[in-house]
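Please build the complex by placing chain B on the supplied structure of chain A, with the hints as guidance.
Those protein sequences? They're chains A and B, same order as listed. The letter at position 14 of the first sequence is residue 53 when you use this note's numbering, and the numbering goes up by one with no holes. The letter at position 24 of the second sequence is residue 26 when you use this note's numbering, and the numbering goes up by one with no holes.
No incorrect hints appear here.
Label-pair ranges, simulated between beta-carbon atoms:
(1) A/Glu98 <-> B/Ala126: 48 to 54 angstroms
(2) A/Glu98 <-> B/Val35: 53 to 59 angstroms
(3) B/Gly50 <-> A/Gly139: 54 to 60 angstroms
(4) B/Ser57 <-> A/His111: 40 to 46 angstroms
(5) B/Val35 <-> A/Glu141: 42 to 48 angstroms
(6) A/Gln177 <-> B/Thr151: 27 to 33 angstroms
(7) A/Asp132 <-> B/Asp125: 41 to 47 angstroms
(8) A/Ala119 <-> B/Gly60: 39 to 45 angstroms
(9) A/Gly139 <-> B/Leu186: 38 to 44 angstroms
Stretches of chain A that chain B covers, calculated by requiring three or more beta carbons in the stretch to come under 8 angstroms of a beta carbon on chain B:
(10) 82-91
(11) 147-161
If the Cβ cut is set under 7 angstroms, some of the chain A residues that face chain B in the computed set are:
(12) Arg77
(13) Val79
(14) Gln127
(15) Arg186
(16) Glu187
Calculated directly from the structure, the hints in this document are not laboratory data. Cβ atoms here follow ideal geometry from the backbone N, Cα and C, with glycine treated the same way.
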Amino acid sequence: MRVLFCNVPTLKRLLAIVVLSAPGLAAAQLQLTDAWVRAVPPVSSGTAGYFVLQNNGTEPVTVTGVSASFAHHVMMHSMARNDDGLRQMQHVDDVTVAPGEEIAFVPGGMHLMIMGMDAVPSPGERVEICLQLKGGDQLCHDFEVRREQP
Amino acid sequence: MHWVRNSVIILVLLFAGGAAWYGMQDQASQLPVNTRLGGDFTLTDQTGERFHSDSLDGKVVLLFFGFTSCPDICPATLARVTQARRMLADEGHGDDVQVVFITFDPARDTPEHLNKYLSFFGDAVIGLTGTEEEIATVAEQFGVVYLKTPSASGDGSDGADAGYDFSHSDFVYLLDTQGRVRKLFQNDEDIDLMVKDARTLL
Numbered sequence: 040m041r042v043l044f045c046n047v048p049t050l051k052r053l054l055a056i057v058v059l060s061a062p063g064l065a066a067a068q069l070q071l072t073d074a075w076v077r078a079v080p081p082v083s084s085g086t087a088g089y090f091v092l093q094n095n096g097t098e099p100v101t102v103t104g105v106s107a108s109f110a111h112h113v114m115m116h117s118m119a120r121n122d123d124g125l126r127q128m129q130h131v132d133d134v135t136v137a138p139g140e141e142i143a144f145v146p147g148g149m150h151l152m153i154m155g156m157d158a159v160p161s162p163g164e165r166v167e168i169c170l171q172l173k174g175g176d177q178l179c180h181d182f183e184v185r186r187e188q189p
Numbered sequence: 003m004h005w006v007r008n009s010v011i012i013l014v015l016l017f018a019g020g021a022a023w024y025g026m027q028d029q030a031s032q033l034p035v036n037t038r039l040g041g042d043f044t045l046t047d048q049t050g051e052r053f054h055s056d057s058l059d060g061k062v063v064l065l066f067f068g069f070t071s072c073p074d075i076c077p078a079t080l081a082r083v084t085q086a087r088r089m090l091a092d093e094g095h096g097d098d099v100q101v102v103f104i105t106f107d108p109a110r111d112t113p114e115h116l117n118k119y120l121s122f123f124g125d126a127v128i129g130l131t132g133t134e135e136e137i138a139t140v141a142e143q144f145g146v147v148y149l150k151t152p153s154a155s156g157d158g159s160d161g162a163d164a165g166y167d168f169s170h171s172d173f174v175y176l177l178d179t180q181g182r183v184r185k186l187f188q189n190d191e192d193i194d195l196m197v198k199d200a201r202t203l204l
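Same shape as in the complex, but just chain A:
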């Protein structure tokens, strides 16, 4: 089980781990899967991160921000075709996942824009990225650095 809540009171953290560690229970609120970061050349100014976030709970969950230990800026971007038929990235302030729904950050769609990297991670490395949730919780997860989509 790689999903851990960080920076929450100890009791809540323990509870979260217990809940998340119990497979098959519908109480597992958030499930983060398919987490990967695109391997890019060491001279790159940025890269992109992808994941699928599933809300198995009964309340909506809102992601209000993203952070990574290896980069100064991580933003959520949407990718949409504008009126001219061109792809254009747009900054997204927050993303809400309704109960029972999932949201996918995928190449060519919503993605994490990772800028200001201390060092560009190499293929095969694992990097930690944390999602800040409305209400103050944080969901951290290892992202695999890969050249191609899993």
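Just chain B now, with coordinates in the frame of chain A:
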């Protein structure tokens, strides 16, 4: 029993003829020549040398436009297209297929930067830059539209980036050995289809 023998001979001939016809169909590409797009161009490659498109003659080319500060689509497309080329190289066509990347962003994508960036994807990519006018001309030849836009990540004042992106059309162009455009792929096209179509031009 002559009729039996004759029938067998006729069947064999029909089968052989069918197989030969099928073989010819397989060799001759069914991809139409796009006469509206493409043409000769001159730009500067990642070694700083002037590069004329006629040096691609004799090769099947997978060509696309982008900019290296783009974090999502451009490296993804580079990875996919170079993988398609590797698959063809594994079939013995490594010298017959060329990947070409043309930047919209000559200010940041200098030959030196392109050289470092593209080496990550193997040594088989030709990266091209030029003056803004030269790039605009080539983009127009290929029907590529691009717009410099304020960065979605901010204005660059906080060091996040240099403050601009490009919104752009993002096809991958398949050129035949005479430099003619034969197909436009969506950038997320199935790699196997790219390989299959490229193979018909070899």
